[in-house]
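Protein chains in written order, with this note's numbering: chain V, 1069 to 1386; chain R, 646 to 1041.
A hint or two may mislead.
Below, a sample of chain R positions facing chain V; criterion: calculated Cβ distance under 7 Å [unchecked claim]:
1) 663
2) 919
3) 920
4) 975
No more than 25 Å apart at the CA atoms, straight line, and that leaves these computed lysine-lysine pairs for BS3-like [said to hold, decoys possible]:
5) V:1297 with V:1282
6) V:1297 with R:974
7) R:764 with V:1230
8) V:1120 with R:991
9) R:969 with V:1308
10) R:915 with V:1147
11) R:764 with R:749
12) R:915 with V:1313
Listing some non-contacts, in silico: residues in chain V with all C-beta distances to chain R over 12 Å [said to hold, decoys possible]:
13) 1178
14) 1239
15) 1299
16) 1317
Hints listed in this document are in silico derivations from the structure and should not be mistaken for laboratory results.
Think of the CB as a built atom: it goes at the ideal place given N, C-alpha and C, for glycine as much as any other residue.
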Amino acid sequence: MTAGDMFNKRLLMFTGKGGVGKSTIVAGLAVLAAQMNKRVLIVEIDTKSAMKQIFDVPYLGFEPIEIIDNIWAINIDPKEALEEYIQEHARIHKLAQLITNNKVLRYFFKTAPAVNELVTINAIYRLEQERSFSGPRFDIIMVDMPASGHALLFLQIPQMVKRLTKRGPLFKMVDKYDRLFRDPAKTMLNIVTLPEEMPVTETIELFGKLQNNKDLPLGFLFINGVPEKIFDDNEAGLLKSMNVKAENNGDEAISELLFTGMDNLNRQSRFSIQMKRLSDSVELESIRAPRLSLARFNLAGARRLAEKLKLELGLEGA
Amino acid sequence: MTLDEIISKRKLLICVGSGGVGKTTTSAAIALHAALSGRKTLVLTIDPARRLATALGLSQLDNEERRVPPEHLQKAGLPADAELYAAMLDTGRSLDALLSRVAKDEALQKRISENNIYKQLSHAIAGSQEYVAMERLYDIMEEGRFELVVLDTPPTKNALDFLTAPNRLVSFLDETVVQWFLKQAESNGLGGFIIQKSGTLVFKLLGVLTGGDFIKDLIDFFQAFKFLYVGFRDRADKVNKLLREEDTVFFLITSPEANVLDEAAFFHDKLLEFGMPLKALVINRAYQIIKDCPLCAEDVESLMKQDAIKQLSLHSGADEKLIKSTLEKLIGLRRMARQFNENTRKNIDSLKNRLHRAEFMACIPLFSEEVYDLEGLARMNSYLFASPTGECKAIV
C-alpha cells in the first residue's frame, strides 16, 4: 500500500484509545491533503469539537463550513442528524412531520439505543454521496471516530440493524452503509496510538478485533508522540558509563549533571520497547508523528505536523 | 482540608477524566494509600489493565475481587497486613445476568432472551454494558464489604455515558413510550377504523420505514418488558442516589496539555451540572523533576576543564568532540525541561482560574519510568499526599 492510495479514498476513518491524539493526526492529514489540492471534509461526531479549537473557528455544526482553503468541517449532532434522516426518508414531508412532531416518538428516538449511531452514519453516507456538477462535493471525508471500543460498535451498527429488520426499506438503506464501510476502494480505517504501555495494549486488542471483522478495510497505524532522539549511540554510551562511574564514586555533583540525560535515555528505551510490541503484533504499515510541544495545537501546529507526515508518507515529490 | 481528610470519610471515590491521563494508575495509588492507612479498600477498573494486575502482584484482573498478596506488599517494603483488593468491572458481560435476577418468572425470562431486539441490544449496545457495570458497582457498595471503593472510569465522554447509563436505559424503557407502542399495536389490530387517528398513522409509517418485523419484535419486547420496568427503574434510582451521596466523592484526573485541560474544564462543568460532588483535581505529568545542579550553571567549555569530568570521560575513552557534544545536549535538555515546566505552569494556572469547585489540587511529576510496581504507586503517593494545602507543589 502506498500513501498516495490513502488520498485516493473517499472515506478515511481514524480510531484509537482516548487521548492518543486522533484529532491532531486528522488535522495534520487534512492540511496535507488540502495542500495537494484535495477538497477535504473533516467529520467530528457528537463531541466537544477539537477542530473548532485547532482551526480557531467560532462554531462548527451540522452544516459543513469551509474553515481554511480546501478544508471543510462538520460536527454531527445526532439530534439534527435524526431530523434530517426522518425528513429524507419519509418522502412526503407531511408524514415526516407526523413522526417528528409525535412527542412519544421523539422521546423514543432520543433514548433508543443505536439510533444516534445510525443517523450519524446516515449523515456521513449522505455527505459521501453529495455531488456538485463537476463531481463529488468533497474528495476525501476524514472521520474523527470515537475511541476504540465505541468505534467498533459504530462500525457494526449497520449489520446489527440488518439483523433487526431483515427486510424492508430500512434494511436496504443500512445495507448501503454497510457496503460503503466495507468497500476497500473507497474506505480505509486507520488506527492512531501512542508509544506507551496502555495505548499499545489497547491497539493490539483493537487490531485483533478488527481482524475478526475481516472485511473492514484497514489502512495505516499512526504512532503519535514519537520522542525526538537527542543522544546518538556514542553519546548515550558515554552518558551511561559516566553515570555508572559517578554513582560508584558517590559523586553527586556529576550525577546531578547527568540526571536529565539519563532520564531522557530511560524514556527513549521505554519508547523502543513499545515500538517493538507494536511491530510484533500489529501488521499495519506504521507512520510516525513527532511529539508536539505543550502549547496548544493550532493551525501552525497542524502545518508542522503535515510537513512531517508528508516525509513519513513519502509524498515529497507529489 | 488535606487529601487524607477528603478521603477518610468517604466510601466511594470515583476518578474521572480524559483518556491517557493516568486515571487507572492514580486510582490504584489512592487505593494503596487508603489500604496502608488501615482501611479495607477495593480498586475497581474498567480497562483490562494488565500492567496494573502485575503491579499489584495479581495473576489477573477480572470480575472477582482479589486481594493483593501480603508477600507482594512485603517485598515492596510495605506492611503485609494492608487490605488492598482489585477487580475489573467487566463491561463485556451481557444483560443476561441482570435479566435473570430481575425476571423471576422463567417463561418471561425465556421470552425476553429470545426476542430479536433483546438479542441485538444485549450484546451490541454500549449503554447496556455500562448499565450492567453500574449495577455491579451498586451491588458491591450494598454488600458493604469494603470501607473504601475507588472506581476508575472510561475516558471523557464515555465516562459521562457511564455514569448516566442507568438513566438512559430506564428512559428507553419509559412507561409512556411502552404504553404508546402497545396501544398502537392494539388499535392496529382492530383494522382500518381508526386510521384517521394520527398515532396510528405514525405507527404504520414507522412500520413501512423499518420493515414489518422490527415493529413486531419491538412490540413483543415491550410487552414482555413492561413487567420489569419497575424493577429497572428502582435500581437506576438507587444507582443515581449512590453517585450523589455524602459518602461519595469525585476526583478529576488530568494532564497539563492545553487541549486536555480544556476537556478537564468541560468535565468539571458537567459533574457540577449532574450534581456530582467533585472534590479534587489531580494533574499527572505536571512537571519534570529538575535536580539542583551547581555544575550545570557553567558553560560547556569550563565544564570540560573540570577535573571530575576529565577523569570520568578519560576512562570511557571518549574524545573531546564527543564529550563536548554530550555536555551541550545535557545542558540543552535542562533548558528544555525548564521550558516545559514553565509552559505547564501557565496551563495549570489558567485552568485554576476556570475551576472554582475542586477544593484540592495535587500535581504529580513526570517519571522517567512508567509506574509498574507497588514502589511506583507509593512514589506517586509521596507527591499526591505531600501538599497539605492542596496547592500544586512548587514547580522548580
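Which numbered hints are broken by the structure, listed smallest first? 2, 3, 5, 12, 13, 14, 15 and 16
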